[in-house]
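Chemist: Sequence:
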Amino acid sequence: MRTLNLVALAVSLGVAGVAQAADSYTLKVAHFLPSTSNAQVNIIEPWCEQLRQESNDRIKCQLYPSMQLGGTPAKLADMARNGVADIVWTAPAYSAGKFPRVEALELPFMLPYGGKAGNDIIWKFYEQYAKDDFKGYKVLSVFGDGGMDLHTRGKQVKTLADLSGLKLRASSRTAAKTIEALGATPVSMPPAQMTEAISKGVVDGALASWEVVPATKLNEVTQYHSATPAGQPAFGYTVLTMLMNQQKFNSMPKDLQEIIDRNSGQALNDRFATAWDKAMDSARSATPADGLVAIDEAAYKGMQDAAAGVADAWIKETSEKGIDGKALVEGARNLSSATR
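Residues -21 to -1, 1 to 319 (mature numbering (1 follows the signal peptide of the UniProt record, and there is no 0)) are what the sequence shown spells out, left to right.
Everything labelled a hint here was simulated from the structure, so no lab data went into it.
A few of these clues could be false.
Listed next, with one range per pair, are the computed distances between beta-carbon atoms [said to hold, decoys possible]: (1) Gly301 / Ser3: 39 to 45 Å; (2) Asp303 / Asp2: 40 to 46 Å; (3) Ser3 / Ala287: 52 to 58 Å; (4) Ala306 / Ser261: 36 to 42 Å; (5) Asp2 / Asp284: 57 to 63 Å.
With a straight-line Cα cutoff of 20 Å, these simulated SDA-like cross-link-like pairs (lysine to any residue) come out [as the list claims (entries may be wrong)]: (6) Lys77 / Lys305; (7) Lys137 / Ala160; (8) Lys227 / Leu6; (9) Lys227 / Ser243; (10) Lys233 / Cys27; (11) Lys300 / Gly288; (12) Lys137 / Ala206; (13) Lys280 / Ser316; (14) Lys110 / Gly301; (15) Lys227 / Tyr4; (16) Lys233 / Gly115; (17) Lys110 / Gln225; (18) Lys7 / Leu42; (19) Lys196 / Thr266; (20) Lys233 / Leu6; (21) Lys39 / Asn21; (22) Lys39 / Met231; (23) Lys146 / Gly180; (24) Lys146 / Ala285; (25) Lys39 / Gln236; (26) Lys7 / Gln226; (27) Lys257 / Gly93; (28) Lys233 / Val118; (29) Lys103 / Ser316; (30) Lys300 / Ser74; (31) Lys295 / Asp112; (32) Lys137 / Ala273; (33) Lys114 / Arg60; (34) Lys295 / Glu309; (35) Lys95 / Arg312.
Using N, Cα and C, we set each Cβ at its ideal position, and we do this for glycine too.
Whole structure, please, built from the sequences with the hints as guidance.
Modeler: See below:
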């Protein structure tokens, strides 16, 4: 009898072990930045560790930075939808036309500077206006780059006239239209090519967030960094997102789904905001004071007026696709103005 009991116990433990193994998930997380980037080191890795701890090792992440799963940044959203990756960190603007509603947030002079300030607005906008953009995905976070400044080589930008003749790297089609409206020439290229292009004189600078400055060494090839007046919206924004394959999420047990939900949405947006603000402040404070250029209110108003047509054209274009572009722009502006 004792032998039979031991056998039964062994079988029981074996079955439990198999069940536990089957109940464990290693999520493939892909993004386009290096493994040393702020996004991976200070956000994605701690987030994954939080999931691991709360799940008692039943959720783990395998990270694939720098497009190690293949493809280009423009394909990241498709990789999440198709299951090539379980989770991706990407910019919706890289997948042109697939996320039209959140483009309203990237229009010129729309959102305030700062990870926390911008992210609170972006998440509210997503919940109120843009959920249809993300059908078929499990949305973990929708946030922003904290706002972009003008970083230039060899020439200060203080007025609208100073932009004439400059070639500036644009991060998205909306950023390109903003640059063009301000009188400069937009040049699209991946972040990895930006610094070299500036150093070789291919472009004169970039419209970029302070968060990317250390990672791209943008500060080593530009001397001037022009910002909008204190309290005024940034030149532009890049919306970013973490998306999960919906089928993968659905396949997980309810208790693991709850762990992911508890650490996503506003909670993950707050994690991004904290890391972004710290990185932006650090990069800005490390820059020589004589390189920080303050645009005055009069010059700022001139830039706003020059770029006003970008939003008008976007409303028309979006409305032709059956989407109420005017309502989206008004919604974004109302959310933004409520914070000022």
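Chemist: Please go over all the hints and tell whether each is borne out by the structure.
Modeler: The hints, checked one at a time:
no. : hint                        : verdict
1   : Gly301 / Ser3: 39 to 45 Å   : holds, 44 Å
2   : Asp303 / Asp2: 40 to 46 Å   : holds, 45 Å
3   : Ser3 / Ala287: 52 to 58 Å   : holds, 54 Å
4   : Ala306 / Ser261: 36 to 42 Å : holds, 38 Å
5   : Asp2 / Asp284: 57 to 63 Å   : holds, 59 Å
6   : Lys77 / Lys305              : holds, 19 Å
7   : Lys137 / Ala160             : holds, 16 Å
8   : Lys227 / Leu6               : holds, 9 Å
9   : Lys227 / Ser243             : holds, 16 Å
10  : Lys233 / Cys27              : holds, 18 Å
11  : Lys300 / Gly288             : holds, 19 Å
12  : Lys137 / Ala206             : holds, 9 Å
13  : Lys280 / Ser316             : holds, 16 Å
14  : Lys110 / Gly301             : holds, 16 Å
15  : Lys227 / Tyr4               : holds, 10 Å
16  : Lys233 / Gly115             : holds, 19 Å
17  : Lys110 / Gln225             : holds, 14 Å
18  : Lys7 / Leu42                : holds, 6 Å
19  : Lys196 / Thr266             : holds, 12 Å
20  : Lys233 / Leu6               : holds, 16 Å
21  : Lys39 / Asn21               : holds, 17 Å
22  : Lys39 / Met231              : holds, 13 Å
23  : Lys146 / Gly180             : holds, 9 Å
24  : Lys146 / Ala285             : holds, 17 Å
25  : Lys39 / Gln236              : holds, 13 Å
26  : Lys7 / Gln226               : holds, 14 Å
27  : Lys257 / Gly93              : holds, 10 Å
28  : Lys233 / Val118             : holds, 17 Å
29  : Lys103 / Ser316             : holds, 13 Å
30  : Lys300 / Ser74              : holds, 17 Å
31  : Lys295 / Asp112             : holds, 18 Å
32  : Lys137 / Ala273             : holds, 7 Å
33  : Lys114 / Arg60              : holds, 10 Å
34  : Lys295 / Glu309             : holds, 14 Å
35  : Lys95 / Arg312              : holds, 17 Å
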